[in-house]
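Asks: Okay, here's what each chain looks like letter by letter:
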Amino acid sequence: MNILTLLDMAASGFGERTAIGSIGSGITYAELLERAGRAGQVFKDNGSDRVSLLDVSSPALPIALFGAAAAGQPFVPLNYRLAEDDLVALAERTASATLVAGDGNGPRVESVEGITVVERDDFLATTSAGDGIDQAEWPFDPEDIAVLLYTSGTTGIPKAAVLRHKNLTGYILGSVEYMGAAEDEATLVSVPPYHIAGLAAMLSSVYAGRRIVQLPNFDADAWIDAVANEGITHAMVVPTMLARIVERLAERGDELPTLRAMSYGGGRMPFPVIDQAMNLLPGVAYVNAYGLTETSSTISLLGPDDHWIAHASDDPAMRRRLGSVGRPLPSLEVSIRDEEGNEVPAGTPGEVWVRGEQVAGEYLQQGSKLTAEGWFPTNDGGELDEEGYLFVTGRLDDVIIRGGENISPGEIEDVLMSHPSVADAAVIGVPSVQWGETIGAVVVGDVDEAELKALVAERLRSSRSPDYVVFRDELPYNDTGKLLRRVLRSEISDLGDG
Amino acid sequence: MELRPGLKLKSAVCSTEIIVVGGSGDVDVTCGGVSMVEPTAEASEATPVDGLTDGTLMGKRYTDADGSIEVLCTKPGDGSLGIGQTALALKEATALPASD
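Top to bottom, those sequences are chains A and B. Everything in the first sequence is counted per my numbering, starting at 1 for the first residue and increasing by one. Everything in the second sequence is counted per my numbering, starting at 499 for the first residue and increasing by one.
What the hints contain is simulated information worked out from the structure, not anything from laboratory work. Mixed in with the good hints, there may be bad ones.
[Stated by the list, open to error] For lysine to aspartate or glutamate, the following DMTMM-like pairs were computed, each having C-alpha atoms within a straight-line distance of at most 20 Å:
#1 B/Lys558 to A/Asp8
#2 B/Lys573 to A/Asp8
#3 B/Lys573 to A/Asp467
#4 B/Lys573 to A/Glu339
#5 B/Lys506 to A/Asp144
#6 B/Lys589 to B/Asp576
#7 B/Lys508 to A/Glu137
#8 A/Lys44 to A/Asp144
#9 B/Lys508 to A/Asp8
#10 B/Lys558 to B/Glu540
#11 A/Lys44 to A/Asp134
#12 B/Lys508 to A/Asp467
#13 B/Lys573 to A/Asp122
#14 A/Lys369 to A/Glu411
#15 B/Lys506 to B/Glu540
#16 B/Lys506 to A/Asp467
#17 B/Lys573 to A/Asp144
#18 B/Lys508 to B/Asp576
#19 B/Lys506 to A/Asp122
#20 A/Lys44 to A/Asp122
#21 B/Lys506 to A/Glu143
#22 B/Lys589 to A/Glu177
#23 A/Lys453 to A/Asp467
#24 B/Lys508 to A/Glu16
#25 B/Lys558 to A/Asp134
#26 B/Lys589 to B/Glu540
#27 B/Lys506 to B/Asp526
#28 B/Lys506 to A/Asp141
#29 B/Lys573 to B/Asp524
#30 B/Lys573 to A/Asp424
#31 B/Lys589 to B/Asp562
#32 B/Lys506 to B/Glu568
#33 B/Lys506 to B/Asp548
#34 B/Lys558 to A/Glu177
#35 B/Lys506 to A/Glu16
So here's chain A without its partners, still in its complex pose (with noise of 0.2 Å):
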């Protein structure tokens, strides 16, 4: 089976219902099928071998996911917040491929060999009208590559995670109803169509047959704005993006009625911040969502009883229970190893692992990450609890998540240690209310920390500049020389606020 699948059974179940945009003005399930069928046909005539988007969400992004699968093509979104060098070694290693590009992101890829940038306007109004679409030539095979999707690694160079067809059906099958939502349903997506939640946002809410209303460019107020005007009962948001929607909506005052339910993901959520979230908003159903790129988005939640009751009790085991990730979907299995693979009882840290017909783990250079068996190791340690509720701590690497974004400390530290007078210089998370954690810098050297902040900044870019230096005459390291990161992160976590 194809994602195809999925649009196809929405538009003959329910194809008068708006799939995307404003009721009245939005496009149907049965257009949207049409309009990829037709993108399909465009993609094909390219003769590329991929299909990819360089743009903020737009309708675009469905037509365009569902026609590389109409037209038998992976889809590969870029991130367009990236710095120029990175954004063309990406789009070289996506080539050759037809890239749907909009808000002015073309001309920074067009020079690219077996890239074919075609503007966002012209794909839409190519893709708006014409022949009929001819549904017996899609390709079905649920072993196709539908998804690459690039994930910042642990060495910093991005990997492509390849994501299969049966992956994401597999997930949508197993996570959501058919046609589950009422017809007034409408959820808001303001994560970018680079990351995992965006585009899964476009194939469930498909599949349940909730309207779609994106928001290009994510700030509070037009966040809070668009809830009221559009009427949206559903929307799904990182941490920092709930931390400054309840900082607005504290300042506003807004009620926002038609909101039904609130899912949150891709971080660490600061308890202070979803506490908050709950008095501002207690008519709202919480959904706390934990996955990764790699399976295929959400494998354990959290859900609206369970946030409910951590809230209203006193007693800390229970209001523990907000920091956890809830229990995993019932259509996979999740497993606490230690380091030899052995699975660890209850109340045990280890690695989270994960099995499942939506667990792609899987690269393109790389290969399978699958155990003989089928797991997955996710790298993010964690532990389950007498009760099945998973407790995530982090990624086992390292990896710092700045406000959804993933930062690699070793990028940060090879900056840091390109300065003359830097002998050493570990980079690491340090908790933060607004941002789930921030970038702690610990540096060996006689040197001003306003130049290494702005070395950084220069180097990557702003959001990557330690928020934090402090300075160590030499840094830890164990009898293998390895660098004792937990030993410098409980020495500086007390500078963060979270």
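Go by the hints and put chain B onto chain A.
Replies: Then chain B, alone, in the frame of chain A:
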């Protein structure tokens, strides 16, 4: 018929279409008591066996007694799904809150 996940089949007696979600091996998937066919097969004039006309529901999953075979209805119709003459049961979905 050699089953595999992703295999599409259509009914020989009604408008039902399905996708195999789980199961493998040589299995006779039926609709209305008549073997289902490849989507490209020509329309037949077969009629359902009496009593095997409970119908199929779009988007619902059907499974055999031990759960080893599971199919998803992608187009509804009048026949009952089965393995040979044994009916498949409607699988109740686990209600999960929206997460993305």
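Asks: Run every hint past the structure and note whether it holds.
Replies: Hints, verified against the model:
no. : hint                 : result
1   : B/Lys558 to A/Asp8   : 15 Å, holds
2   : B/Lys573 to A/Asp8   : 10 Å, holds
3   : B/Lys573 to A/Asp467 : 56 Å, violated
4   : B/Lys573 to A/Glu339 : 48 Å, violated
5   : B/Lys506 to A/Asp144 : 16 Å, holds
6   : B/Lys589 to B/Asp576 : 18 Å, holds
7   : B/Lys508 to A/Glu137 : 17 Å, holds
8   : A/Lys44 to A/Asp144  : 16 Å, holds
9   : B/Lys508 to A/Asp8   : 15 Å, holds
10  : B/Lys558 to B/Glu540 : 26 Å, violated
11  : A/Lys44 to A/Asp134  : 13 Å, holds
12  : B/Lys508 to A/Asp467 : 60 Å, violated
13  : B/Lys573 to A/Asp122 : 34 Å, violated
14  : A/Lys369 to A/Glu411 : 23 Å, violated
15  : B/Lys506 to B/Glu540 : 15 Å, holds
16  : B/Lys506 to A/Asp467 : 55 Å, violated
17  : B/Lys573 to A/Asp144 : 23 Å, violated
18  : B/Lys508 to B/Asp576 : 12 Å, holds
19  : B/Lys506 to A/Asp122 : 35 Å, violated
20  : A/Lys44 to A/Asp122  : 17 Å, holds
21  : B/Lys506 to A/Glu143 : 15 Å, holds
22  : B/Lys589 to A/Glu177 : 12 Å, holds
23  : A/Lys453 to A/Asp467 : 8 Å, holds
24  : B/Lys508 to A/Glu16  : 25 Å, violated
25  : B/Lys558 to A/Asp134 : 26 Å, violated
26  : B/Lys589 to B/Glu540 : 30 Å, violated
27  : B/Lys506 to B/Asp526 : 14 Å, holds
28  : B/Lys506 to A/Asp141 : 11 Å, holds
29  : B/Lys573 to B/Asp524 : 23 Å, violated
30  : B/Lys573 to A/Asp424 : 63 Å, violated
31  : B/Lys589 to B/Asp562 : 9 Å, holds
32  : B/Lys506 to B/Glu568 : 12 Å, holds
33  : B/Lys506 to B/Asp548 : 25 Å, violated
34  : B/Lys558 to A/Glu177 : 8 Å, holds
35  : B/Lys506 to A/Glu16  : 25 Å, violated
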